[in-house]
Each structure stands twice: as structure tokens, then as C-alpha cells.
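Chemist: Top to bottom, those sequences are chains A and B.
Here numbering that gives the first Met the number 0 is used: the first residue of the first sequence is 0, the next is one more, and so on.
Here numbering that gives the first Met the number 0 is used: the first residue of the second sequence is 0, the next is one more, and so on.
Errors might be hidden in some of the hints.
If you want the footprint, here are the derived chain B segments under chain A, 3+ residues with CB under 8 Å [stated by the list, open to error]:
| id | stretch |
| --- | --- |
| 1 | 27-41 |
| 2 | 45-55 |
| 3 | 72-81 |
| 4 | 99-109 |
| 5 | 123-134 |
FYI, nobody ran anything at the bench for these hints, they're computed from the structure.
Idealized CB from N, CA, C, for every residue including glycine.
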Amino acid sequence: MNVVANKTDLKVVGTRPIRPDGVDKVTGRATFGADFFLPGMLVGRIKRSPHAHAKIIKIDATKALAHPGVKAVVTSADFPNIPSEEAFVGEGPTNFRDLSRNCLARDKVLYEGHAVAGIAALTAEAAEAALDLIEVTYEVLPHVIDVEDAMADNAPILHDDIFTQGVDPKPTKASNVAKRVQFAKGDIAAGFAQADVIIEGRYTTQPVHQAYIEPHACVVSVAADGQSTVWCSSQGQFMVRAFTSKVLGVDMSSIRVTPAEIGGGFGGKTLVYLEPVAYALSRQCGKPVKMVMSREEVFRASGPTSGGTVEVKIGAKNDGTIVAADVVLKFQAGAFAGSPVAPGAMCCLAMYDLEHARVVGYDVVSNRPKVAAYRAPGAPISTFGVECAVDELARKLNMDPIELRLKNAAKNGTKAVYGPTLTNIGLIETLEAAKNSAHYKIPLGKNQGRGIATGFWFNIGGESSATIHINEDGTAVVATGSPDIGGSRASMAMMAAETLGIPYDKVRAIVADTSSVGFTFVTGGSRVTFATGMATVQATENVIGQLRQRAAMIWDIPVDAVEWKDGEAVPAGSNAGKFPPLTLADIALKAARTGGPIVAESAVNAQGAGPGFATHICDVEVDPETGYTQILRYTSIQDVGRAIHPSYVEGQIQGGAVQGIGWALNEEYVYDKNGKLDNASFLDYRVPVASDLPMIDAILVEVPNPRHPYGVKGVGEVPIVPPMAAVSNAVRGAIGIRMPDLPINPPKVRAAIDAK
Amino acid sequence: MSKIHVTATINGEVAEFLAEPSQSLLDALRDNLRLTGSKEGCGTGDCGACSVMVDGRLMCSCLMLAPEAQGKSIVTVEGIANGEKLHPVQQKFLEHAALQCGFCTPGLIVAAKALLDRTLEPTDTEIRYWLAGNLCRCTGYDKIVRAVQDAAAELRAAR
Ligand code: FES
Ligand code: FES
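Could you build the full structure based on these sequences and the hints that come with them?
Modeler: Here it is as C-alpha cells:
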């Protein structure tokens, strides 16, 4: 452990084999959340609020229950009224009380689409018809949608028990500002006093949805003795178990969650919406209940990430040295407290080696769906502002934007504004690779511009479990608790095969249910290849220890006289050459005579995920007639530590960049004056489609992480951090105007050109 | 309202089912025939995850009523491979890692094959416009376009 193998010694790691679940996914055999059926299964639906903010006076389900085919109706009265309690189960702190009230509203509805009741019926038609028969009496309240309106003194208050945390003295008046956070270093007044130039800007981003193509789906079956089984698509079967158990107040051991294939999540499936409701329905009627959200429900009631305001002030010397930075962030949390403003604050200056800096963040509730994690939660929003401001600084100083960043780049030993000292980081390597890339040298034409931006995400470790079984024929199965969202079964099998010294196709990796493998934290935070990979490698090393023991028994020599080499046990030391090597298959065949099945486990709380840095280059052409921005070229350069399966690493980088391009150019939540979402469909929300885009070049920089056996750092989140600034900076170059407010859509660009 | 008896050829086999008059073909395929390879990403014709071939034409099965399938020949993702032998589009999706979560993949496989049934010399731009109705949120489309090009090249070579 803790030895990064020399890259040239690797046989499997770094190759591009076909993923174990691949054939199922190209033939339609793979079973996703909505693809599961049980005998006698009912169809569940959710009744949702038509109001942005209202008191629930009464819910009357009498008529609905009398409708033919209807078997159960549940409301928040079917959940225990649990107290406020925070825990770190999903991809950020979660308050169980709020989670419960997001699954089914209690007392008040806080956004249009907020769930108020669940219904189960024999058919979808019956369930849908009966939804209208559930009578809900509301008292409509004034609502507030935008973050700065929600911070205003006279704003309608969503929760009378929110008193801004993190300010002294503790406020006496309830507020929509749930929290103030601050990270600081040095003395910013002294820093700005040294500045020759100061750049100030205000930048805004809109809430955007993760827009995974698979809507949330589950089947829940509760038996008469209270034992239950959940089949669902999520980023963590253990997360689903923990949340369901908390919301229903039942023992964890009574719930078994089997992970389905997951059709995308990007952070949006690190919490539950349907499972507790389906559980309550199934418990009420004694039948399995399937619930699947429609796309409209996904938009109205799940996700998205925060919209935010980013105020940035940066001071620098004439030679480009940044002497101070001051950032204020205001993030929408949605209906309940808990925006990703803290990670946003921590990440946005981490690319720079700064002596004097401060980031203040506000977490603000408003009448929108509660935000969920979205890829590097918070960082893309805050970094958008900072990287636009740094671009303005480069322009003011007439410096190349890469040179300016190289001059100030965080390096090994830099103490980040948010606290830790960074080590083994590869930011400078990504900047150098950008500078030397073919892309950076391509000349630009008329109406074209080039933008540079960098980004940072922590990458996390945490708890993971893995079990490895050596089968009777010498093949192996690796079971982990991490849902495979983008090829992680392939990387687990590859790391196990590499460690065992056997071919990749002799190892099968699976994702196990909550009763079959040890606790594993969600697939999120860019942690799976790092932390679950570490558990897999450790379990494999443990099994190798057993295999050496078995060989020692067969040969009747001491175990330390047996070495494991290239998939075989070989006698070593004074016994070298005495016996022919024993293959995995030879040992497996004799397992019964040497102590029984050969199985090993590992459970880790992995520490030391290497920080992730990226530099992106974006070229655009803006049509001055229409204001349309075409992405001409896009290159993402990222320090990945080491790529286990480079194709899937590139895929993460390309996919993240394109989500960022959508965020930059056209995605947003549009509300009408009644606080209703106006664009709750793929047609009106419009994520990037194939014809919008060029190829996305991914350049992998490998600065190995010494804390992982194969040097892995984590990959999936940094790719979405730089794109919005890269696009805005490119548009700035093309039209000579800063577009500080996302999305940079044609009407806005056209208006900006006209106003010039 | 009573159900409608529908007879159609599905992936080369005659299939009979009872459909609600208002049921979509997608729901009939998935719920009645348990052909769950076709996915519902939106139900409104905007994502392409439900793409199937109907009498040789690429369609969103969520936009077609199940009773309209009467007498038609339908090919779903389950019918693209030739027994155990994957179609080149399927094989190239695997080799190029043109899927991450794989939820968009059935629709993309059906749509990409439909393109290659029409032409084996598509440009990148043609591929991108042909597939513009198939949303993929994971890959950024880069590897998908490469996989389709590679499948076209293989089919050209085999011609
Ligand atoms: S489900 Fe048919 S197009 Fe989306
Ligand atoms: S691979 Fe996930 S949506 Fe395309």
C-alpha cells in the first residue's frame, strides 16, 4: 500500500478495456430504476403544490380513496415529525427534518411543485385521476424567488426558526439568510494598499438543473413484519437506506436497498424524494409500489443547483502579482437552508497563492425547489466570478491570461485561503500544458475570441467497503458499495486485476446491495476511484495474503517463503525453484483442503484524495446579427493524478465541460410572477445537443497522488468548474464586452452589442 | 374505455397486446411487453431515449400511441444485435467508451444505426445534426460522434 507503482510496470491500469456492464447497456438489457417490476406492484404518484408559498390548512383524501383502484394515500402525517438534525450522509450536510418535509410538505408548501401527498393505485390512469380528488386547502402567502430580494428587510420569511448563523450577536429576528460563512487569510486592507490596479466586478449565475436523463425512480416493498426492500436508482444505496430509515423512523436493518443502474446523477441523486413516500404507501396497503417522476416533476421538484451572485475585488501590482482578493457570495438554497456556498467559498481562490484574501458567503432560502449537489457543488458559481475578474485583470495589465495565472498559481506548499497547505498539486502543469497546446496557438478570426479559466475541486475520500471472492475456477469477483455512474466497475476490476497480476477479463466487478457489502458513502465528490479503489486494492492485497498462505500449506513451507508474482504463488528464498508456481486456479481448486473459501474484505475511511485542478481553453465566434455564440474549439486540461481507464476519465472531462457550456450559454430556471417555473421541460430548458458542439479535447496531466496505490486523485467534478468563465472570457474577446450575467444567450448578447 | 387489441411485429416476432387507447407505444413496450430497453427521459419527444424504428422510420415511441402500432414492424434496441453478435454501432460504442451512465445509449444506438442505414459516409456535422434529438448529459457527445464514425468506417470496409 501507499506505493505508487511505476507507470511502466503497469499492465492493466492505463489501458482501455470494455466495461463489464457495457454489453447490457448497448443492448437494452441493463436494469435502471424504472425497469424493475414485481408481481402485484402498484403505481404511485405525487400530488404537488400549485403555489410558490402557502399554508396547508387541510388535506382531504376521502374522495381519492373512494376512487376505483386507489389503494393508499399518504401525507406528512404518515411520517414522524422529526426534529432538526444535521448529518453528513449525502454530498453535503443534510437536515433530516428538512429532508422529510421536502419529501412531503408539513404545515407549509415552500415552492411550486412541493410534494403534499402520495397516492398508490392499480393503474397509472387511476392514480392520476385520483390525484385531482385529493382536496388540499391552502392559504396562499407572499413568495420570494430571487436571492437578493429574499435578503431584503421586508422579504416574506419562509421559516420562522431561521436566525442567521455565523453572525455576532445572534440575530433576534427570523431571516431568509440561513448562514454567513467566512474564510480569510492575511490582512486584506494591507493587501489592497499595495495594489497598483484594482478590478471590481459583480457576476451572476442562474440555477441550473443536473438534468440527468433518467428521472428518479424506485420500487419499494414493505412486508407485514416491517422488513422492506427498495430497488432504486441513486448515487448511494446506503444513503437511501439512511434517509428512508430516518424519515420513517424505522431500523436500518429492516431496509435492504438494491441499487439499480443509474442513468446519471451529477450530485442530484445524493438524496431521496420518492423512496420514503413509496415506503409509506407500500406499508399502508401491503403491496409493492413503484414511483417514477415525470421530466416535469424532475425540473419542478428535484435539484437544481443554486443561482448566485458573486462580487469580486482583486488588487495587483503592475507586474501581475495579485496582492489581495475579496469575494462576497450570495447563494440560493431553495426552500430549505443548505446551499453549497461554503464549498463555493473554499474553492474559488484555491488556484492562487495569495497572502491577503477573504471570501464571505451567504446561504439564502427562497421559494424554489431545495437545491441539490451538482458536480463540484458551489465551485462553478464562485469560480465564474473570480475567473472573469482575473481575466479583466489580465486585460488591464495587458498580460497573457496564462502568464498572469502562472505568476500567481498555487503550488506545492501554498497555504490555501480556506486553510490547508496544498501538496502534490498539478495546477502549474495544466497551465503549462495549455500554453503549449496546439489549440492555444491557432489564430483567431473576425468575431472570434479565446477564453482561459482555471478551476479547483477538493476531491474527497471517505468510507468505502469492498469484498473480493476467488471463485473455484480462479477467476475473481469484486463487490463494492459504490453505484457505477460512469465506468467505475471497469476501474475497480482493473485495479484488482493489476494487483492480483491476472488479466482484466478474469475479474468481474459488481455493485452490491446494502445487506451484502459494508457501508459505502455516496458516489460523489470524485471519490469512487480514489476511496472505493483503495478499498478494492486493499481487499485484493488481503486476498493475496491468503493465497500465499494456501500455497505455503500446499507446499508445506513457511508463508514468508511464498511470493506472489504475476498472478502466481512462487516459492522464494531458500525454497526458490523447489516447486512449480501455483496459479490462482491451482490454489482455488484446492481451497476446500486448505481452509475453505478464499474471500477477503476491506473497509476504509480513505484520507488524502489529491486536490484537482484544471485549465480550460475555449474559442467562440459570436454572430453580431443574432447574438448567437458558437463554441469553435474547446480544450480541457486536468491533473488527474493517474487515469485508471483513460477513456472514462476523458469522458468525465468532456461531459463536465459540456454541462458547463450549457450553464454558460443557455440553461436557466425561468419563473413567472406567481413563482411558477415556466420552462419545466427539456424543450424549454434545453441542455446542449450534439449539433451545438465541437469535439472536446481532453488533455490528461498526471501528477500522481502518493496517497493512493495507483496515484488516483479523483476526476469527475473539476471539469465543470472553469467552463462558464472560459466562455464569458472568450465572448469578452470576441465582442469586447464583458457578459457578467449567465446565461450568455443571444438576446442578452445582442442587447449588449446594441448598447455599445 | 375498453382496451384495444394490437398486433405488431416487434424485433421480427409477432406480438399481441392490449393497449389503453391513450397509452404511448413506449409505455406499451415497457409495461405490457417488458421490453424496457427503450427509456423514458421525458415522455414529450425531447430526449430521444425512447427511439425505435417503425416500418423503417426513426420515431420517438413516447409520441406514438400504442394502438397506432397495429400492423407495423417495430425495432427496438433489443432487436439491433444479431443474436449474440453486436451490431458495429454497439461494438464501437463500447470500444470508444461512448457511454457513461448508459441511459441515453439505447436511443442513440437505434438513431445511429438508422443514420448508417441511410449513409455510410456521414460527416461529423451530419452525425451531430442527426443525433441532435438524442440528449446525452454525461459524455459531451465527443466519443459518441467518434464511435458512429468508426462504425461507419467498419461498415464501409465490409461493404
Ligand atoms: S422519452 Fe421519448 S423523447 Fe424523451
Ligand atoms: S451516457 Fe448518461 S446520458 Fe448519455
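Chemist: Give a verdict on every hint.
Modeler: Results of checking the hints against the structure:
1. Counting residues of the stretch 27-41 of chain B whose CB falls under 8 Å from any CB of chain A gives 10; the rule of at least 3 is met.
2. With a cut-off of 8 Å between beta carbons, the stretch 45-55 of chain B has 3 residues touching chain A; three or more are needed, and the interface restraint holds.
3. Given as covered by chain A, the stretch 72-81 of chain B passes the check, having 5 residues with a CB less than 8 Å from a CB of that chain where 3 are the minimum.
4. Proximity of the stretch 99-109 of chain B to chain A, defined as three or more residues with a beta carbon under 8 Å from a beta carbon of that chain, is established by the 8 residues found.
5. Here's how the stretch 123-134 of chain B fares: 10 of its residues keep a CB closer than 8 Å to some CB of chain A, so the rule of at least three is met and the hint holds.
Checked against the numbered hints above, the structure breaks none of them.
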